[in-house]
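**Q** The residues making up each chain are set out below.
Protein chains: 2
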Amino acid sequence: MQNSPPHVEALFFDIFGTTVDWRTSVIRELKEFGRAKGLRKDWEAFADKWRAKYQPAMEEVRSGRRPFTILDVLHRESLIQVLAEFKVARFRESDLDHLTAIWHRLDPWPDTVRGLHRLKHRYIVSPLSNGNIALLTRLSKRAGLPWDAILCAETAHAYKPQPQAYLRNAAHLALKPDACMLVAAHNSDLAAARALGFRTAFVARPTEHGPEQKGDLGAEQAWDVIAASFEELADKLHCP
Amino acid sequence: MQNSPPHVEALFFDIFGTTVDWRTSVIRELKEFGRAKGLRKDWEAFADKWRAKYQPAMEEVRSGRRPFTILDVLHRESLIQVLAEFKVARFRESDLDHLTAIWHRLDPWPDTVRGLHRLKHRYIVSPLSNGNIALLTRLSKRAGLPWDAILCAETAHAYKPQPQAYLRNAAHLALKPDACMLVAAHNSDLAAARALGFRTAFVARPTEHGPEQKGDLGAEQAWDVIAASFEELADKLHCP
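Sequence order for the protein chains is P and W.
Using this note's numbering, the first residue of the first sequence is number 1315, and each one after it goes up by one.
Using this note's numbering, the first residue of the second sequence is number 1315, and each one after it goes up by one.
Isolated chain P, as found in the complex:
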């Protein structure tokens, strides 16, 4: 970090894309499902279509047209739409449960777990994700992510990038925004946090959206820290 840094007490992490490689994990599980069911589909396109419904689903909540609804429910609703779009007609409730819970079984990036363990020595570490508590708790337990707390849209009753998603979770830790740093691979997430007084760390994840990724290939502002991995973030924050 630059010269005398303000004292950061908590590091908040974006999860989907920043901490875990959602796309590779979702495609892998969809292909397994297809093999088990004897279904031949373009599962990469299916995964991208499913994810494309993520922001519009949250926007229903952010706009106030719909009361706060956890991401597991939004994921299930959009799954049903994508199954219809891909003309998958024969599925059971248990298939919907299994597929929705793919988002509970996402693999971390290779540097994630070691980096978090190092960062945890000096900071409170917590998600600040649009995921819900059950999703993040199971994902983190499976992946070995050593959080100090599970904070997210569900604990704030607001989806990022709405200000309350950041501010209420800082308040849950009794912290002012400038004692918090958001770690994210998305410039827009960091911009929303910085506007509220959070410190910011950009960690590049240039293959989050696959080999053809166009956006978020690099830092678009002078974020407080810019790193290529959680390990490099730990180096730059002087964590042993």
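Calculated directly from the structure, the hints in this document are not laboratory data.
Glycine included, C-beta positions come from ideal geometry on N, C-alpha and C.
Just to be clear, a hint being listed does not mean it is correct.
As the list claims (entries may be wrong) - Facing chain P, a subset of chain W residues (Cβ under 10 Å, in silico):
{"#": "1", "residue": "A1324"}
{"#": "2", "residue": "D1386"}
{"#": "3", "residue": "K1434"}
{"#": "4", "residue": "S1440"}
{"#": "5", "residue": "I1447"}
{"#": "6", "residue": "A1448"}
{"#": "7", "residue": "W1461"}
{"#": "8", "residue": "I1464"}
{"#": "9", "residue": "L1465"}
{"#": "10", "residue": "E1468"}
{"#": "11", "residue": "A1488"}
Got chain P sorted already, so can you dock chain W onto it with the hints?
**A** Structure of chain W alone, referenced to chain P:
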């Protein structure tokens, strides 16, 4: 899932008394404060008086006379009352901050950390405490408690033994009550949880209230598990 036999997936832990030895820790810190300030008081009586205001303060919230208010705020208000009762007149805001945060620095019982690590191998482990998120996160980080989530009155907006304190936290993990077990040293807490369908584990803490403790010396119902420590609980739940 519906047709499967009941299977416990999460262990919820009471914190004050069950997981940490609040009384010894509070008395030790009050005595340090007294030495630093040159104040001679009966700090054991002070600690017990402070704790005696805990249930009445929460009752204001449970009764609906007061909106939900986190425990750090209740602790601070009751501290001010006890300071007056013990005729401690000279203190600063920073003293109130320091003393209120004693509840963030409580020591675990000797078997707590090793037992939790063993139980975590097989179960989701989380507090289910009347403490708030900031308190529990800092207490747990300092003590090395390896939780998978931080659930509590603040995440439920209800204080135990009100049903919503148990039910909303089970729902935050997407679990039915019979997939949850409450671990507590207090028969009344277990009775409230059992009435809602939770499984129950009693861990005796016969010195929580000091050498003269009268209540909760043993199990008062046939709880699902009865143990003398978190290590024995791990043995009885067949955790390696």
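**Q** Next step is simple, just say for each hint if it's right about the structure.
**A** Hint check results:
no. : hint  : in the structure
1   : A1324 : holds (9 Å)
2   : D1386 : holds (7 Å)
3   : K1434 : holds (8 Å)
4   : S1440 : holds (8 Å)
5   : I1447 : holds (4 Å)
6   : A1448 : holds (4 Å)
7   : W1461 : holds (8 Å)
8   : I1464 : holds (4 Å)
9   : L1465 : holds (8 Å)
10  : E1468 : holds (7 Å)
11  : A1488 : holds (4 Å)
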